[in-house]
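These protein sequences, in sequence, are chains A and B. Just so you know, my numbering puts 326 at position 170 of the first sequence, and the rest follows in order with no gaps. Just so you know, my numbering puts 173 at position 17 of the second sequence, and the rest follows in order with no gaps.
Treat the hints with care, as some may be off.
Which copy is meant is left open, so a pair is good if it fits within one copy or across any two.
Claimed, not checked - In silico BS3-like pairs for lysine-lysine, Cα to Cα no more than 30 Å straight-line: (1) Lys426 <-> Lys222; (2) Lys223 <-> Lys235; (3) Lys209 <-> Lys481; (4) Lys181 <-> Lys227.
Hints are computed from structural coordinates only; laboratory data are not their basis.
There are 2 protein chains.
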Amino acid sequence: MKITIVFGGSSYEHEISIVSAITMKKVLKNSELSFIFVDKERMLYLIEPNNMKSKFFSSASYKKSKKLSLKNGAFVVEKMFGTQELSTEVVLNLIHGRDGEDGKIASLLEFYNLPFISPRLEASALSYNKLYTKFLAESVGVKVVEYQHLSKNDPREVTLSYPLIIKPVRLGSSIGVSVVKEKSELEYALDVAFEFDSDVIIEPFIDGVREYNQAGAKSSEWELSIIEEPQKEEFLDFEKKYMDFSRDEQVSSAQLSVELKSKIQETFKKIYDPLFLGSIIRCDFFVIGGEVLLNEINPIPGSMANYLFEDFEAMIQRVASNLPKEHKIIIDYQYIDSIQQAKGKA
Amino acid sequence: MKITIVFGGSSYEHEISIVSAITMKKVLKNSELSFIFVDKERMLYLIEPNNMKSKFFSSASYKKSKKLSLKNGAFVVEKMFGTQELSTEVVLNLIHGRDGEDGKIASLLEFYNLPFISPRLEASALSYNKLYTKFLAESVGVKVVEYQHLSKNDPREVTLSYPLIIKPVRLGSSIGVSVVKEKSELEYALDVAFEFDSDVIIEPFIDGVREYNQAGAKSSEWELSIIEEPQKEEFLDFEKKYMDFSRDEQVSSAQLSVELKSKIQETFKKIYDPLFLGSIIRCDFFVIGGEVLLNEINPIPGSMANYLFEDFEAMIQRVASNLPKEHKIIIDYQYIDSIQQAKGKA
Chain A
157 MKITIVFGGS SYEHEISIVS AITMKKVLKN SELSFIFVDK ERMLYLIEPN
207 NMKSKFFSSA SYKKSKKLSL KNGAFVVEKM FGTQELSTEV VLNLIHGRDG
257 EDGKIASLLE FYNLPFISPR LEASALSYNK LYTKFLAESV GVKVVEYQHL
307 SKNDPREVTL SYPLIIKPVR LGSSIGVSVV KEKSELEYAL DVAFEFDSDV
357 IIEPFIDGVR EYNQAGAKSS EWELSIIEEP QKEEFLDFEK KYMDFSRDEQ
407 VSSAQLSVEL KSKIQETFKK IYDPLFLGSI IRCDFFVIGG EVLLNEINPI
457 PGSMANYLFE DFEAMIQRVA SNLPKEHKII IDYQYIDSIQ QAKGKA
Chain B
157 MKITIVFGGS SYEHEISIVS AITMKKVLKN SELSFIFVDK ERMLYLIEPN
207 NMKSKFFSSA SYKKSKKLSL KNGAFVVEKM FGTQELSTEV VLNLIHGRDG
257 EDGKIASLLE FYNLPFISPR LEASALSYNK LYTKFLAESV GVKVVEYQHL
307 SKNDPREVTL SYPLIIKPVR LGSSIGVSVV KEKSELEYAL DVAFEFDSDV
357 IIEPFIDGVR EYNQAGAKSS EWELSIIEEP QKEEFLDFEK KYMDFSRDEQ
407 VSSAQLSVEL KSKIQETFKK IYDPLFLGSI IRCDFFVIGG EVLLNEINPI
457 PGSMANYLFE DFEAMIQRVA SNLPKEHKII IDYQYIDSIQ QAKGKA
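Here chain A stands alone, though its shape is the one from the complex (with noise of 0.2 Å):
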């Protein structure tokens, strides 16, 4: 299958998302993949494969390589004379936090009338905002953590009970996010989330907490992985973060009952189901007293969560068969015509 990965962007996770793109090309083996590179001034690249390092990047080697537009249907190679259409069956959105998580890419994608595996633009606009994403799972009848809200110029008044986690509401990778174990350092956690977002939660911070990760998709049936429970660790160094978008060695199933198990994967099949279709997402779970409770939801997760799936390449394919299609419009004028008609009467 000819993939094309799209990654980049314009965005605090640009760099995970070249490493991001760097494991794909180690996991999708037996697909024919070209890669589409979205600078910071959101310029598009055509990578050769054997570029795909990250020096290339980080150097600004990759200005060398071939430009590219968006025409109805394809992406277009920019050549001397005329342009020369990019041949792909699908394209995958790879580009983690703001242009790929927050819908822009979405959008172009199906503006243009590509085919391509990612949240649509209304399931990534509600998932990119943790705000939202409390009104999503609430809507499906998903219990959440309880929280708060707090906007920029809002009193600053937190009525839960300390300790608690401050995050802005619309990034990911834990940027802005700090730990607040009691009220004189509250202000301060939240000068640092005011300054990346408007916005932001407040939730109680539950130590030691369970917390289970399912990815999926739907196909012609559920594609669900795994469910792992990740180790925790308070603080991540660029190492770990690295080796986090960069997994890709399948891991073991986490020891769950399997009532607990049931009751994960009908809570992703709530979140995901019609809202999500044409995407692989990873819904990040709490359990609390046999609850589960939704955590995060990573609209497009690092490296593709392709450790949590047995054959990813297999899965990635079905899911390509069988993307949601757009409603169909028809428009024909009669309304146009029928006014004509009455102003040729009259």
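Use these hints to put chain B onto chain A, whose structure you have.
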């Protein structure tokens, strides 16, 4: 001011967007206008101002116009040899319904770094969906009419009392909307709504409720329109609808107490700021027992609700000069450089 008006789109409201654009030509008399038509296949055409007549589109004559594409910072005209940038100071998104109101056009303009008047991506995704509009209102402390949400596969159990109004969550201009007087009519009305959308919202139908429309924007200060009490009719035929989207004469204010006027204005501001910065929207409110409830947000109102403003053209210019700036993200490859260094040392 050089204003580029984008209209048409792959939308049920394609035709009324053409009517809105023609109205803009009448209203924006002192501006230098360019018109970009998005046809039903989403091809972009540059329309000469003297061709801005409805028949030019319904007869497909527009296909002889120059084709456009998007590059970083500009729309470009495709020429035999090379391309030419279209000069513009601000783009006005005038596509009603899909593409325009769902956030796709906003995404494109933001991705390609063009200044534009329109709700941004997140504001679009929330206001395009009537269910999410309820969430949004609740999150900023604005009351809404009570409602029930049904997905296509949910059991059709309705707990509200009749009469009801049934609406597909994602469409405007009354498409797929029914008033249901008694239980026997429910199934059919739901069938109709589910023809258009996977989700519907059900509300009590409040006959004779007082409705008020407030349009506005924020430039360096609030730009609030007069408040109109719209004429209501249960069904609008095509000529009435046409009138509605081609309105260009200022109307007179509704007779309101100072207190109610102020309540409506404050409610508008709560909805608008900061989510809708950069856009001109119209909110339709119900007043029940002295309370102001949000009925609907029109993120791209018909003919931009020009008829509600004292000096629409001057207001547009002030909004264009005070557009929100995208948050600047610095990408400096610190993270990749650190990995490279760590590897070097190993």
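Against the structure, the hints come out as follows:
no., hint, result
1, Lys426 <-> Lys222, "neither (42 Å within a copy, 47 Å between copies)"
2, Lys223 <-> Lys235, "both (9 Å within a copy, 19 Å between copies)"
3, Lys209 <-> Lys481, "neither (35 Å within a copy, 33 Å between copies)"
4, Lys181 <-> Lys227, "both (26 Å within a copy, 29 Å between copies)"
In the structure shown, a violation is registered for the earlier hints numbered 1, 3, in ascending order.
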